[in-house]
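*Asks:* Using the hints provided, position chains B, C and D relative to the given structure of chain A.
There are 4 protein chains.
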Amino acid sequence: MDVREVVERTTDLVTTVALPVEDEHDGDVEAAGGEVLRVRLQGEARARGILSPHAPVDCGGLGLGMVDRSPVFEAAGRSLFGPLALNVHAPDEGNMHLLDHVATDTQRRRFLEPLVRGEVRSGFAMTEPAPGAGADPAALATRATKVDGGWLVNGRKWFITGADGAGFFIVMARTRGEPGEAGGATMFLASADSPGLEVLRHIGTMDRSMLGGHCEMSFTDVFVSDDDVLGGVDEGFRYAQVRLGPARMTHVMRWTGAVQRAHEVAVRHVAGREAFGARLADLGMMQQMIADNEIDLAATRALLMRACEELDAGGRASEATSVAKTFAAEALHRVADRCVQMCGGLGVSSDLPVARVAREIRPFRIYDGPSEVHRWSLARRAVRKYAQQPS
Amino acid sequence: MDVREVVERTTDLVTTVALPVEDEHDGDVEAAGGEVLRVRLQGEARARGILSPHAPVDCGGLGLGMVDRSPVFEAAGRSLFGPLALNVHAPDEGNMHLLDHVATDTQRRRFLEPLVRGEVRSGFAMTEPAPGAGADPAALATRATKVDGGWLVNGRKWFITGADGAGFFIVMARTRGEPGEAGGATMFLASADSPGLEVLRHIGTMDRSMLGGHCEMSFTDVFVSDDDVLGGVDEGFRYAQVRLGPARMTHVMRWTGAVQRAHEVAVRHVAGREAFGARLADLGMMQQMIADNEIDLAATRALLMRACEELDAGGRASEATSVAKTFAAEALHRVADRCVQMCGGLGVSSDLPVARVAREIRPFRIYDGPSEVHRWSLARRAVRKYAQQPS
Amino acid sequence: MDVREVVERTTDLVTTVALPVEDEHDGDVEAAGGEVLRVRLQGEARARGILSPHAPVDCGGLGLGMVDRSPVFEAAGRSLFGPLALNVHAPDEGNMHLLDHVATDTQRRRFLEPLVRGEVRSGFAMTEPAPGAGADPAALATRATKVDGGWLVNGRKWFITGADGAGFFIVMARTRGEPGEAGGATMFLASADSPGLEVLRHIGTMDRSMLGGHCEMSFTDVFVSDDDVLGGVDEGFRYAQVRLGPARMTHVMRWTGAVQRAHEVAVRHVAGREAFGARLADLGMMQQMIADNEIDLAATRALLMRACEELDAGGRASEATSVAKTFAAEALHRVADRCVQMCGGLGVSSDLPVARVAREIRPFRIYDGPSEVHRWSLARRAVRKYAQQPS
Amino acid sequence: MDVREVVERTTDLVTTVALPVEDEHDGDVEAAGGEVLRVRLQGEARARGILSPHAPVDCGGLGLGMVDRSPVFEAAGRSLFGPLALNVHAPDEGNMHLLDHVATDTQRRRFLEPLVRGEVRSGFAMTEPAPGAGADPAALATRATKVDGGWLVNGRKWFITGADGAGFFIVMARTRGEPGEAGGATMFLASADSPGLEVLRHIGTMDRSMLGGHCEMSFTDVFVSDDDVLGGVDEGFRYAQVRLGPARMTHVMRWTGAVQRAHEVAVRHVAGREAFGARLADLGMMQQMIADNEIDLAATRALLMRACEELDAGGRASEATSVAKTFAAEALHRVADRCVQMCGGLGVSSDLPVARVAREIRPFRIYDGPSEVHRWSLARRAVRKYAQQPS
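Residue numbers (full-length UniProt numbering), protein chains in the order written: chain A, 1 to 391; chain B, 1 to 391; chain C, 1 to 391; chain D, 1 to 391.
Watch out, some of these pointers could steer you wrong.
Which copy is meant is left open, so a pair is good if it fits within one copy or across any two.
[What the hints assert, rightly or not] The list that follows gives simulated cross-link-like pairs (lysine to aspartate or glutamate, EDC-like), each with its CA atoms no further than 20 Å apart:
#1 K385 with D282
#2 K385 with E235
#3 K146 with D234
#4 K146 with E310
#5 K146 with D226
#6 K146 with E216
#7 K146 with D227
#8 K146 with D221
#9 K146 with E44
#10 K385 with D227
#11 K146 with E35
#12 K385 with D292
#13 K146 with E235
What the hints contain is simulated information worked out from the structure, not anything from laboratory work.
Source: prediction; values computed, not measured.
So here's chain A without its partners, still in its complex pose:
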């Protein structure tokens, strides 16, 4: 299917099905039906032939590359529930990407294919409460100990998106070294019903549109067989990088869609109101906010494209994705905040979607690497590059 066709069908699904539900329930995915909503939305996508458009063709996806995903994911992202409908929401979308690159044939059939078909959801269990792995992955404290025929995983995880209701987890655990050492992590595939694996609680967060929440989990002697090791032992951090770059960019795509919608709503709002004898949209301070939104959105998309091209060309694109993610998370939040301001009292209400989008996108400046960590890494890279050069 042509990408434009995928975009068009996505837009139709989002406009006619996802947005009305989102607006009715202020983007609260549980209030809007939770799993029941997911099944219904994904059914609509399946019927339109656009479920899992990024997944490999042999598993039932459309095999879109990064550049092609961009307009599709943005179109889906216009509704907070659109990515769920297309099965391109976090963390499943990134997990599919990772499994496609690393899974064995058996794992592919057992874990990837049902995921692509929307029969199951998954979690990515990496981040841990302090002093474990957070912004600094090397602090990884969850351990996997070798036993006969497999491994025993012990540790605590939190902010595990989608954990409540997930069918299986990709679990990152230390198989060598000590917390603080940058190496020796391994990825494991653990079924949700594994004895010792427990989802403890939903962490209350400002965002409410992620099905399955952001959860705290504990792993107590959770057994994972050797067959369910994902990729090589001690190779976990490397695979995390494989997942990371593209996952950052698909986040940007989705959020660009949500923020673009908020922008359009806000522009329409000021175009329809008068104050002080003028149309709000004709007041200079409003025009400044509108123009700044346009600029921030354009720069976000331009940086995104550049990173996607690099990824499609086979690069790791760590610098380009780091720049694009950091800029986008801040720029899109600025846009959403301006939309709130443009809409005045309605802007902080649930009568319009702008406050909702501002609330949902704020954590993106922290999730997937806080801006500070990205800046730290960009600065070190620049110092290495320029410090020794002659002028």
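*Replies:* Just chains B, C and D, lined up with the frame of chain A:
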């Protein structure tokens, strides 16, 4: 009572009573008990002799001026429920101020005194849905028509804080001229049980700590007797100004307290965490956020003090309060946003109070005059002042 | 010649010839030799086969499109004198572009070819002192009156870059309508020695690297023959648009080079200094500035590329060039300002090139349309686009 | 004399004498006459009885405290040459303050009194080229070695304001410990004609209004007698603090004056121009800049007042002066930059004073402690204060 003593007792009340409830219920006043919570908190304040510290002494208050209110309201504001406890929350605090200046003796006894004693809550019904009075008060569309012995009020209001459960309302209605004309408004005192007065719905807003919500209301032939006209007929806009300046400043005081707490929580958070081999609080990017918070808080307080001194000296201080309100609303929101960022994943959760404070304070850039309207007025004033001067 | 080859030769010329002169004279083009410097630098470029790389091949240029110009102009721009060396400085570069599109064959030979060969410089006489054409071109007040065989031009112009020493001018004058009306302008080719054409003074500006300065000029009954009308009568504003989009983008290219050099100098500075027991480059606040520079530079280039692709595809790209110009002018100035800050005392001195770059680039937020005018136009465009859409 | 009277006379001197010279020479103090200008301006101030208003009464000054200095220095600062006229320019003003606190009676007569009377200028020789004392004073590398009857000073200094033409210097040299150790500095009074003391060059800086420039100096076996040690041996860093707090604040006062003038000029500019059919001053984006200027100026003054009150009350006020200096240096630069933008092409020219003020004030974000060092110190203070507190 010495102001320091009032501050100390307030701090005790906030720390031992208000904060625990706030933290347990993520600042959601309804979830925390609503009216029941108010009665309990105000009982605690009454027992400590600090209820309504700003109210006139003859009505049972402590008669604090603006400069003296400042540390007290800030101490109360450290908890989102602290102002409610002291009976200095919006809109009741501003309504007391207004009634003190404008009410007749009879009105004083019927409306102001019970308010000061915490026996009743009140509303200030001014803002209206488009195309009525919003950022531009001159658009006032609600009308009061003279009838025998009084007035009939008709119109629609929204974003009326505390309306649900209020015992009476100060209603602003047009008694002369047409929407768009800056004059001819009158204030009326209307009991909540007046026939034709209806609280239609809570508008869903991002903030959740205001008892009685932000409501939409309708007035259909609501009769107000001549005795219940507040001040002179057609003088409403002038009284609104009387209320406005101090009300802006007490908002700043309360929010400074809330944001100061968030700042302290965030500083403690980064002082207790390590990443990349260092204490977070020792990383330069964290230090920059901490220092920027300190600067923003100091500048907010310095501008506040200057405006309060001017008000205590009997000035209208429209310029000083406009500057202080605009700066504070933006600066305090910046501080709260940095606190979120400093706390990482926890910063967007309800495990810490920082996301909550960021959510609650955001609307302050819109309520009580959006920043844009204040800037517009400041600019016009500056142009008048400097345009004709020689260089 | 391959673009990479052009870039390489440009880099060599800039590094070995242009930068040493620039550094010795703090970027002051007159102090560095003025016309003598130009002839010397362009001789070096001619010898390397890279003079006028953007000019049409039939005139002696290399015929590079916008995308290909980008790395070449950026490499030239690393030195403030590099664009002059390659004959791609403002306003000559834009004038060549315009003449290439609009000039008759005769005009091409008389005006364009000598320009491409570096035998002459030119001016673009459009902006006028108040109340004439400035940010608002429609205010054009200079008039051309039809006389026998040609036109008489009368008016006053200022901020005419390169005027002092230019061989000819493209003059914009009103041939129909009144100041304030958006139409009726015509372009004229006027030799510098035309009677009545006078360069009155150099306006003292913060930038000092533009050969021929920014001058004030007067036109008193300057005769231009019918043959020297550039394009159609009354078509001037349309041609100005032809010149404008690409000219904005080549400005961005050149300034990106200058700012990139300042960034590298600043990074090297902090990599070589210690304070408070650490290398400056390892302090978080420095890293933040370095990273913000990297992000601003990357976003500038990404937006530039997008606009260049659109131009090369034959589009007018008014929106894309407006976004890119506005973002770049502000972002590059931010970068230069951070470089100043990173270098401390040396940062405000002429011992390093950073203060110089900051000084030279500041006017770019005003020249070629102030940011405010671009924002106004972007906002109006967005309102037209979104105001009527359903949500 | 009443402070208001001092302000009035200062305003008269500035308006009638200083501003015309400044405007004629674009604020270049050497071009405007250098020492000759100083003598003339100070003669005017002497005639008006307002020379050295901050100096102690017994030395011939008016003995104004910090709060009272504020409006006077701001009035002087409206012209870049005003502080020189009143003898309250850096570094002499701070040197008088320091000598008043630390000098012996003999030193007072020999050094302070002629300074107060405007008979001589002085320098404060503290900062050094890398790796010496810069942002980090503890890196002090210049050494004083005890010899019979005095000390021999050896080292190199730079960015010594006013050095060229100064009659004497307060020299900071290490008398104990090694560079990097925070202690063991001593202050010496060295006559400019001391053998071995050499002013090597003016460092070219973006600011041009400081008489005597910012110079590089060398000290080679410069002999200072025991009588010319200023204060106690090894007490130099402590005295530097005495000088520092007030010196920061008087900088703020002076720059507030200069920037206030630029703001008024810019407002008048936009009030007198039209574009796009409206007065520039009535366009929202202009109003936003005007209002932001007003807010930044008001916050600067409010923080300044708070710090001055603390200093007048005898406190060291390190936190308050650090906050005020950092905020002011950034805020006033923002204001100056907005003024440039508001004036368009004229804003970057020497036809108006705004570009000049922007150029002169930029280094203030670096001089007297870069913003980064102040932020670092503010952050550490905050962490100490809040880290151990219970929430």
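*Asks:* At most 20 Å between CA atoms: does that hold for K146 and E216 within a copy, between copies, both, or neither?
*Replies:* Cα proximity of K146 and E216: none, with 25 Å in one copy and 63 Å across.
*Asks:* Is it within a copy, between copies, both, or neither that the alpha carbon of K146 lies no farther than 20 Å from that of D234?
*Replies:* within (12 Å within a copy, 63 Å between copies)
*Asks:* As a check of your reading, is K385 near D292 (CA-CA no more than 20 Å) within one copy, between copies, both or neither?
*Replies:* between (32 Å within a copy, 16 Å between copies)
*Asks:* I want to check one pair: K385 and D227. Are their C-alpha atoms no more than 20 Å apart within a copy, between two copies, both, or neither?
*Replies:* neither (42 Å within a copy, 54 Å between copies)
*Asks:* Cα distance capped at 20 Å. Does K146 pair with E35 within a copy, between copies, both, or neither?
*Replies:* Neither: 36 Å inside a chain and 58 Å across chains, both beyond 20 Å.
*Asks:* For K146 vs D226, is the C-alpha pair at or below 20 Å within one copy, between two copies, both, or neither?
*Replies:* within (9 Å within a copy, 76 Å between copies)
*Asks:* With identical chains treated as interchangeable, where does the CA-CA distance between K146 and E235 reach 20 Å or less: within a copy, between copies, both, or neither?
*Replies:* So K146 and E235 pass the 20 Å test inside one copy only (15 Å; across, 64 Å).
*Asks:* 20 Å Cα cut-off: does K146 pair with D227 within a copy, between copies, both or neither?
*Replies:* Classified as within; 13 Å inside a copy, 78 Å across copies.
*Asks:* Regarding K385 and E235, is the shortest C-alpha distance of 20 Å or less found within a copy, between copies, in both, or in neither?
*Replies:* Neither way: K385 and E235 sit 27 Å apart in one copy and 44 Å across, limit 20 Å.
*Asks:* Checking an output row: K146 and E44, CA cutoff 20 Å. Within, between, both or neither?
*Replies:* Result: close neither inside a copy nor across copies, 44 Å intra and 59 Å inter.
*Asks:* Can you tell me if K385 and D282 fall within 20 Å by alpha carbon in one copy, between copies, both or neither?
*Replies:* Result: close only across copies, 14 Å inter versus 47 Å intra.
*Asks:* If the cut is 20 Å between Cα atoms, do K146 and E310 qualify within a copy, between copies, both or neither?
*Replies:* neither (39 Å within a copy, 58 Å between copies)
When each numbered hint is compared with the structure, violations occur for hints 2, 4, 6, 9, 10, 11.
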